[in-house]
Amino acid sequence: MAGTLLMGAVAYDPKVVTIWDGFRDWFAAQGLAFDYVLYSNYERQVEALLAGHVHVAWNSPLAWVRAARMGPVTAVAMRDTDCDLTSVVVVRAGSGIESVADLTGLTVAVGAVDSPQATLIPLSYLRSLGVDDVKVQVHDIGVGKHGDHVGGERDAARALVSGAADAACMIDGNHLLFGVEGTMPAGSTRILAQTPPYDHCNFTVVAGAPADLVEQFRALLLGMSYDDPQVRPLLDLEGLKAWRDGRTSGYAQLERAVDEVGFYDAGGNVTAEDYRP
Amino acid sequence: MPVGQAVEVRGRAPELAVHLRAWCRAQGHRFDWPYVVRGSAAGAHRRGARAAGGRHAVAAHAPGHWGVAARGALVEAGGPDFPFALDDKDEVWTAAAAGIYRQAVASQWDPATAVDWDEPFELPAEVEAAVVQVMTYLIENENAALVVPARFLGQIHPHFREVVAVLAVQVADEARHVEVFTRRAELKGIPLGLSTAGGQASLLTLIEEPDFALAHFLLSVLGEGTFLSLLSFLERFAPDPVTRRVTHLALADEARHVAFGMAHMEAVLATDPTLHARLATAVRRRHDALASTAGLNAEVFDALVVLAAGAFTPAAIAEGFARVQALEADMDEGRRRRLAKLGFDPDEAAELAELHTRNFM
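Going down the list, the sequences are from chains A and B. Residue numbers are given in our numbering: position 92 of the first sequence equals residue 92, and the series is strictly consecutive. Quick note: to get our numbering, add 1000 to the position in the second sequence (first position is 1).
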């Protein structure tokens, strides 16, 4: 549709419709014609973005890495909550595992095969510390959704607590969540390692997208205030307090992890084995 | 604490820094271990929030965005609008509601213990059948008396919580009445009686009345008001102790429902000068709608006679018939008295009392 900014989003949860319907109405009220297209997985979304089916994609960090390999793209905005995340490697308290070196030969539970935060980045971090001989126990939930579904991480945490795994990987916020909700009872686990900070999602714009609409979109996002009662429910649903300019400095760890396991090749082709989004 | 100010965080938990980083991100604070720098989002939910009326002051109008918030609560801006159709104090409020609710709660009884279901008695077969027919009739009337307040319960803005509470207890009262009348009907194992098309048609007009004030008037002032005479009659002439007890228990509840209906009508009539005419029209309209129906079914009338007779002999039946005639006169007198109390002149009160459904409720 002429004059309409089209955005792709992945339907990782039914609330995605609520979120983007809300944003669509709000953008319309601000004078921006905006619509969205839902994809079942990030690989399809990235391919559609690069094919020009949509102008902008609400991308996972892994989708950003792939898009950046496939063609000229820019990151125009991201959530405040997408900045400076860390992942942790957790063991059972009293397990006797005192350092990451002790994990050699043991079972490490991770999230979905394509989860940056619960699989790719923490395993890469362990390798950087010299730990590359572990049995990886994958908890595949929502494959193709790049770990957006919390279920894989929760199952990894459960595997740790039950003794089915010796360690589990998860994002720092979920370590806090799993303690609060009782998945990992307080005092039952210990953090063995924490990755350096990295960044998460961004709005990825394809070359050739209408620059005026993209700029209007970016300006409206950055102008959204958490003090605005009309906007606040949308921000709460999407999990942020403020939008920020896009930055791409926080994806180096994930780039390295993707190369180490051959998840994508240099041209952005999917080369990971046993990955069926 | 102003935005941008830092606070140092100390603690012994080994995960403190990991969790604090995640918490700061979620709350919009800046994480600068061991400091937390206050972000601007904190407290946003309270900015622009307004109180849902005063704790002790009932508002003249309860806006939809107050939703189901407690009276006096601070309501965040931007919340949803609740479609409560009855949101004006003038439509629903009576100052008597709080007191009637307290009385209602204090008067609750347990069907399992308030009635001695095992008390032995035997009735002549004709009298037992009459009791069962009367119970069958009472149950369908109580079902209607449950549905009417239940339909309006969900439409009244919760800001008027005392009114909602009275109606909620009233619904629970009717559920208990249905239970005890059913247990009495089934006590001796004979089949239930007849439910007639005319009786159900009368109750349907009650349930279908869309206006709260009119429905409450027809149900509680005229219908339940008439039932006070009926239940009192049944308690007085009950041929067995269980029938006497269950009608006694229901009578006390129904008296409270009538008191609430009268209090509500007096309050609404004081603020709406057109209501007298609308109430009168509602009675006439219902009478016209039911003109082609049979009214009280013959089985119920006969059953009341036999029940009041207590025995199936000509002399007893004659006595029972006289008692039912006296009951109908008493019902009419009660309706006139209540209508006059609501400000109808004697002639109109007599006319409207006469036009009330022959099905009693």
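Check before you lean on any hint, since a few could be wrong.
So these bits of chain A aren't anywhere near chain B, every CB distance computed over 12 Å [as the list claims (entries may be wrong)]:
1) 3
2) 189
3) 233
4) 256
Coverage of chain B stretches by chain A, computed from C-beta distances (three or more under 8 Å per stretch; other residues unrestricted) [claimed, not checked]:
5) 1173 to 1180
6) 1188 to 1201
Keep in mind the hints are simulated off the structure, nothing from the lab. We put the beta carbon where it would ideally sit given N, CA and C, even for glycine.
Indices of hints not satisfied (ascending): 2, 3, 5 and 6
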